[in-house]
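K.L.:
Just so you know, my numbering puts the end of the sequence shown at 496, numbered straight through with nothing missing.
Hints are computed from structural coordinates only; laboratory data are not their basis.
One or more hints might be untrue.
Stated by the list, open to error - No more than 30 Å apart at the CA atoms, straight line, and that leaves these computed lysine-lysine pairs for BS3-like:
| hint | residue 1 | residue 2 |
| --- | --- | --- |
| 1 | Lys355 | Lys482 |
| 2 | Lys196 | Lys355 |
| 3 | Lys422 | Lys276 |
| 4 | Lys355 | Lys422 |
| 5 | Lys196 | Lys422 |
| 6 | Lys482 | Lys101 |
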Amino acid sequence: MWERFSYYGMRSLLVLYMVNHLFIRPDVGQRVLGFTAIKGGLESVFGPLAAQPLSSQIYGLYTAFVYFTPFFGGLLADRVLGQRRTVILGASLMAIGHFLMASERLFFPALMFLILGNGAFKPNISTQVGLLYKQGDPRRDGAFTIFYMGINLGAFLAPLVCGTLGQTVGWHYGFAAAGVGMVLGLCIYLWGQKFLAPDHLQQRKQLTSVSKEKMTREEWLRVLALIAVCALNVIFWAVYEQQGNTMQLWADRNTNWRFLGWTMPSTWFQAFNPAMIFLFAPLLPVFWGWQAKRKQEPSSVTKMAIGCLLLGLSYIVMIVAARGMAPDAQRSLMWLVGTTLILTIGELYLSPVGLSFVTKVAPARMVSMLMGVWFLANFFGNYLSGYLGTFWEKIPREQFFTLMTGLGVGAGVLMFVITKPLDRVVAKHDRGEA
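Full structure from sequences and hints, please.
P.N.:
Structural data, given as structure tokens:
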């Protein structure tokens with residue numbers, strides 16, 4: 063919860079901070095270490111970039127690399143440090159990164175600390191949930207739902223605290239609050255280690271025997287099944303992550319936030335999604351259980367395909383909202399609420415189910431590394447999200463949201479196509495044939 067509080071507190075402010083403050087100052091090249099080199103590098107590929115497309119590219123790169131480094135964090139845990147020590151390392155690096163955000167000059171080094179810290183933290187905190195349960199234990203999916211609700215409690219509180227401080231008091235107060243949250247998370251983790259299952263890697267001497275084990279044919283099939291699902295998830299995350307990018311800009315510039323004579327901070331938009339997760343996360347397992355009793359519960363891969371379809375369909379609401387509007391017009395808050403409602407149900411069909419899917423299908427000796435592979439889909443998806451965001455000021459809003467709809471629905475259709483062969487691989491593993 064606290065780690066996600068820190069991450070989403072940072073994310074709720076990042077694009078607005080760059081667009082409205084950091085990158086519009088005339089002396090930005092002198093004030094921000096590495097700005098000239100990074101801007102020059104991006105412009106050598108994409109041509110001249112104004113503040114908004116430049117911010118979108120940097121947002122995409124930052125959130126992408128947050129999900130690139132977990133692959134290496136998983137390797138580090140599986141082969142050298144174990145999950146616990148790697149989580150402690152990651153939390154410490156992220157706390158440093160959040161506090162470095164207090165300095166404009168250290169903006170890019172701060173992002174680097176956050177990227178490295180996330181890489182160490184993210185795959186190993188997730189796999190420790192799976193390690194609490196033996197293979198085949200039916201409580202595992204429910205445990206990941208509880209875990210996911212903890213994640214989203216932090217994500218819900220973050221924009222209310224960090225976003226409000228950043229927009230009303232000062233940007234650096236919001237970033238500092240995210241750092242405090244990360245420190246609290248580290249303290250709670252250190253206190254609660256006694257409740258965790260032992261790491262797969264108990265002693266350094268186990269490394270030799272683990273690394274020399276050969277992969278069986280069935281294990282290779284399971285790994286390939288994971289890679290296939292991850293590849294399609296790239297599109298899901300590219301569309302989903304517009305929430306922190308172009309959708310936040312819509313919330314800031316094209317949404318009326320006045321309520322009973324008071325104007326709410328636009329970063330509160332970031333709280334909609336986690337608030338709805340609280341509402342629906344407990345209900346979906348009940349619905350799936352009802353389906354299971356009638357032998358109608360979808361497989362894990364089918365659930366993820368449904369999630370992609372719902373994500374794409376959610377943007378139809380925004381197509382209607384944007385139809386015929388001027389670029390600076392404002393729309394009702396309910397358009398964002400409607401989009402987020404459908405998007406959230408799609409997320410619950412994909413994200414926690416995917417985390418559980420990895421821990422069930424991955425060979426035990428490489429579960430953290432393969433959790434890192436799962437997050438690699440987020441890496442490519444988040445970078446693609448930043449690239450797609452550069453079209454925000456190039457094409458009409460209605461066309462932009464139509465593009466998001468097409469991508470989401472297309473990914474869902476492709477995932478339905480590959481469901482049957484992937485389900486056979488998973489079913490064979492569940493029967494113990496692997």
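K.L.:
Please go over all the hints and tell whether each is borne out by the structure.
P.N.:
Status of the hints after comparison with the structure:
Restraint check for Lys355 and Lys482: satisfied, since their Cα atoms lie roughly 21 Å apart, inside the 30 Å limit. For a cut-off of 30 Å, the pair hint linking Lys196 to Lys355 stands: about 23 Å separates their Cα positions. About 19 Å separates the Cα atoms of Lys422 and Lys276, which keeps this hinted pair within 30 Å; it holds. Between Lys355 and Lys422, the direct Cα distance comes to roughly 22 Å. Compliance with the 30 Å bound is thereby established for this hinted pair.
Distance restraint check for Lys196 and Lys422: the Cα-Cα separation of roughly 10 Å lies within the 30 Å cut-off, and the hinted pair is therefore satisfied. Taken as a hint, the Lys482 and Lys101 pair is broken in the structure, with Cα atoms around 46 Å apart against an allowance of 30 Å.
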